[in-house]
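Residue numbers (this note's numbering), protein chains in the order written: chain D, 1 to 248; chain G, 1001 to 1433.
Be a bit skeptical, because a hint or two may be false.
What the hints assert, rightly or not - Listed next, the in silico PhoX-like pairs over lysine-lysine satisfying Cα-Cα at most 25 Å (straight line): (1) K81/D / K1054/G; (2) K1264/G / K1130/G; (3) K1103/G / K81/D; (4) K116/D / K67/D; (5) K9/D / K55/D; (6) K24/D / K85/D; (7) K1006/G / K55/D; (8) K1170/G / K123/D; (9) K1301/G / K1172/G; (10) K85/D / K1006/G; (11) K116/D / K1172/G; (12) K85/D / K1170/G; (13) K116/D / K1170/G; (14) K1103/G / K24/D; (15) K1172/G / K67/D; (16) K81/D / K1170/G; (17) K81/D / K36/D; (18) K1233/G / K55/D; (19) K1172/G / K55/D; (20) K24/D / K81/D.
What the hints assert, rightly or not - Coverage of chain D stretches by chain G, computed from C-beta distances (three or more under 8 Å per stretch; other residues unrestricted): (21) 70-84; (22) 95-102; (23) 212-224.
What the hints assert, rightly or not - Examples of chain D residues lying across from chain G (beta carbon under 8 Å, computed): (24) Y10; (25) L58; (26) F60; (27) P90; (28) N92.
Source of the hints: derived by calculation from the structure; they are not laboratory data. Cβ atoms here follow ideal geometry from the backbone N, Cα and C, with glycine treated the same way.
Take a look at the letters that make up each chain.
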Amino acid sequence: MTNSGSSAKYLLEAKSLCVSIDNKNILSSLSFSVAKGEVYALLGGNGAGKSSTLKTFLGFNLPSSGKVLIDGDEVNESLDKVRRKTAYLPENATLYPHLTARENVEYFLSLAEISKSQSEIDKAFERVSLQNDARDKQLQTFSKGMRQKTAIALAILRNAPIFLLDEPTSGLDPVAIDEFNNLVRELATSGATVLMVTHDVYGACQVANRIGLLRHGELVGQFEAKQNEKIDTELVHAAFAQRQTSEV
Amino acid sequence: MVAFTKHIAREWRFMLRQRYVLILLVCAFILSSFAVFTGVSEVSSQRQTIERLKLADETDRLEAQAKYDDPGSLAYYTFHLSYSEPSNLAFAALGERDTYPWKHRIRMLALEGQIYESDAQNAELAQAGKIDFTFVIAALSPLLLILLFHDLSANERTSGRHDLLVTTAKMKIHLWGARIVVRLLAVFLCLLLPFYVAAFISDTAWSSIALVSLWCFAYFIFWTLISVYVGRKSSSAPRVASALIAIWVLFVFILPILGDLAIKQAVHSPKGGDILMVQREAVNAAWDLPVETTMDAFVAKHPKYANYKKEHEGFNWGWYYAFQQVGDQTAANLSQAYADASQRKYDFAAYVAMLSPPMLLQRKMTRLANSDAIAAFQYEKEIRSFHAELREFYYPWLFLENDFDKAVLSDLPNFNNNENQHKKQNKVDTNER
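Model the full assembly from the supplied sequences, consistent with the hints where possible.
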């Protein structure tokens, strides 16, 4: 069931993945893969199963059938191992508000048993453009963008080859989104594999190599983001509108 | 282990930055200090009372001995202080010392009335009990632990940090394990530190300190495990807290109250007042009965005084003390039934305590501190034994009518709680040998 890992062609794979929670099908026969250095964006409306997909890669949801693999290892069989290879960025990037940005990063690094010098931490802060004077301020004084930057700095410092990003640009201003997208591209260029779930169609087109469209837990389409002009906008809109229709 | 210490150190620093946790810990320390202070003051006050009464008792007895010459008057006018001295751990567990009397002034009259005519304190206050260390640990510390542990993961879930924490931690135990250990240790230190100081001052035995520490730690672990288990998957801290408080109410109030009701239903006991009335009525009635009736009943239990001259003119001390003795004999069955019922209640309470950890802890602590019902029964036995010694001392002068020399008063039995303890211990040792 588990292979050597490092030789896997794809770092992230979902194979005929089905997930049910409380007898309700959340994901149905979901199959996609993300290669090393690739940025893959999962697009979909509310309730399409984007975050559930991410949670399954993180080992919080158990597949009812099918497989979910990280670097060739089945997630639920080698949870600790695969989690060490992933850096997760939650939607609201809620770190501890009573700690400073530096203390938050130090706390989480210690939890991961990763030792970093102050200069390395400062370098990560510089990379995410977190100003010098903000680094020793409590997070409760930060804007959402600054909190997001702190969380990204943490993800970078973990040196994980895989990034799982949950609605990373939600609530950010356009400048912050732009900065974030550049950073994701930069990470991918340096060899990181990124799976991001988002409902920002145009942001996804900007940053991702490929885009998957989720509807009702099913992958209804996959596109090369380079050909974003050719995206079936009707399908995209249908994927988003469907939720609203079903709610009505 | 060394690696885990690193995580403990991190979580310790983290805890020190959480204001609400610090406030809770300070509250725990203040509460424990207050309870220990109350216990130490109460024990000190009881010891001072005993010392004061011992002095007054001695003076009073010497005055009576100077004033009267015949054994009958001496026995009648001489009081003897009996008391149960608090142990060196009693400050932590006052136990039944609130409800059972721990001091009496005994005369060589009928005993049952003297035992059950105790200095009843304010019954409502006695029912509420004192806020001693055992009460704080058994009843209040679970609340502190619930407050500290109910939102261990629920709070992280609500704040959206849970998944990040879990996926970042190299091992779950490095996160949750270290957090639990740190908070548990902090609560333990805050609650036990005042106890250790008082135990040192009170010269409490190391073995007792070690046992109390062990029991408290086990008790804290019990509540921590319940809190963590109930809150392990929930994302609603108030819901977890409500469930835990319901468990707390069940263990601290409902089960002990139901247990008490069940015990009262199952074990029927005469009241102390009934014993007092039966004994007093027997004594009062004896004044109007023929001397033979009383003396026959007395001699039946004390055949060595069968030759006592029954015919006297007017009042006679022998007859007077005989009907006091017969009063006790009349109430003896009722008194025995009361003692048996008390013992059965205590034994049944042991089964109820198996269902209620707070009750079990209180029971263990009061037993160790010698302040439980067993200690009260023991003290009552000591009084009975001392009273029997008094009778053994005076009866030859009263019923054999030997010539009385006041010099023999130097051999008058003296109640000494500590000596009694030593005597008992020696007896146990001798028997064991």
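Against the structure, the hints come out as follows:
The hinted pair formed by K81/D and K1054/G fails the criterion: a straight-line CA distance of about 74 Å is larger than 25 Å. For the given pair, K1264/G sits about 23 Å from K1130/G by alpha-carbon distance, which is consistent with the 25 Å threshold. Distance restraint check for K1103/G and K81/D: the Cα-Cα separation of roughly 69 Å exceeds the 25 Å cut-off, and the hinted pair is therefore not satisfied. Distance check on the hinted pair: K116/D and K67/D sit about 35 Å apart at the alpha-carbon level, beyond 25 Å; violated.
Pair hint K9/D plus K55/D holds up; C-alpha atoms about 22 Å apart against a cutoff of 25 Å. Only pairs whose Cα atoms come within 25 Å are accepted, and K24/D paired with K85/D is rejected, the gap being roughly 30 Å. The suggested pairing of K1006/G with K55/D is violated, with an alpha-carbon distance near 29 Å, which exceeds 25 Å. Our distance criterion of 25 Å between C-alpha atoms is met by K1170/G and K123/D, whose separation comes to about 24 Å.
Between the alpha carbons of K1301/G and K1172/G the distance comes to roughly 75 Å, so the proposed pair goes past 25 Å and is violated. The hinted pair formed by K85/D and K1006/G meets the criterion: a straight-line CA distance of about 22 Å does not exceed 25 Å. A hinted pair counts as satisfied when its Cα atoms are at most 25 Å apart, and K116/D with K1172/G qualifies at roughly 21 Å. Taking the CA atoms of K85/D and K1170/G, the gap is about 11 Å. The hint holds against a cut of 25 Å.
For the hint pairing K116/D with K1170/G, the CA-to-CA distance comes to about 16 Å; that is within 25 Å, so the pair holds. At roughly 72 Å between alpha-carbon atoms, K1103/G and K24/D are farther apart than 25 Å, so this suggested pair is violated. With a CA separation close to 23 Å, the supplied pair K1172/G and K67/D stays within the 25 Å bound. Proximity of K81/D to K1170/G is assessed by CA-CA distance (about 9 Å); at most 25 Å being required, the pair is judged to hold.
For the hint linking K81/D to K36/D, the alpha-carbon distance of about 18 Å falls within 25 Å, and the restraint holds. The hinted pair formed by K1233/G and K55/D meets the criterion: a straight-line CA distance of about 15 Å does not exceed 25 Å. For the suggested pair K1172/G and K55/D, the alpha carbons sit about 17 Å apart, so the restraint of at most 25 Å is met. The hinted pair formed by K24/D and K81/D fails the criterion: a straight-line CA distance of about 29 Å is larger than 25 Å.
Evaluation of the coverage hint for the segment 70-84 of chain D: fulfilled, as 3 residues show C-beta separations to chain G shorter than 8 Å, against a requirement of three. Here's how the segment 95-102 of chain D fares: 4 of its residues keep a CB closer than 8 Å to some CB of chain G, so the rule of at least three is met and the hint holds. Counting residues of the segment 212-224 of chain D whose CB falls under 8 Å from any CB of chain G gives 0; the rule of at least 3 is not met. The beta carbon of Y10/D is not positioned within 8 Å of any beta carbon in chain G (closest approach about 20 Å), and the interface hint is therefore violated.
For L58/D, the interface hint holds, the least distance from its beta-carbon to any beta-carbon of chain G being 5 Å, beneath 8 Å. Annotation: F60/D was flagged as interfacial toward chain G, and the flag holds, the nearest CB pair being 6 Å apart, inside 8 Å. About 5 Å separates the beta-carbon of P90/D from the nearest beta-carbon of chain G, less than 8 Å, and the hint is met. This hint holds: N92/D has a C-beta 5 Å from the nearest C-beta of chain G, less than the 8 Å allowed.
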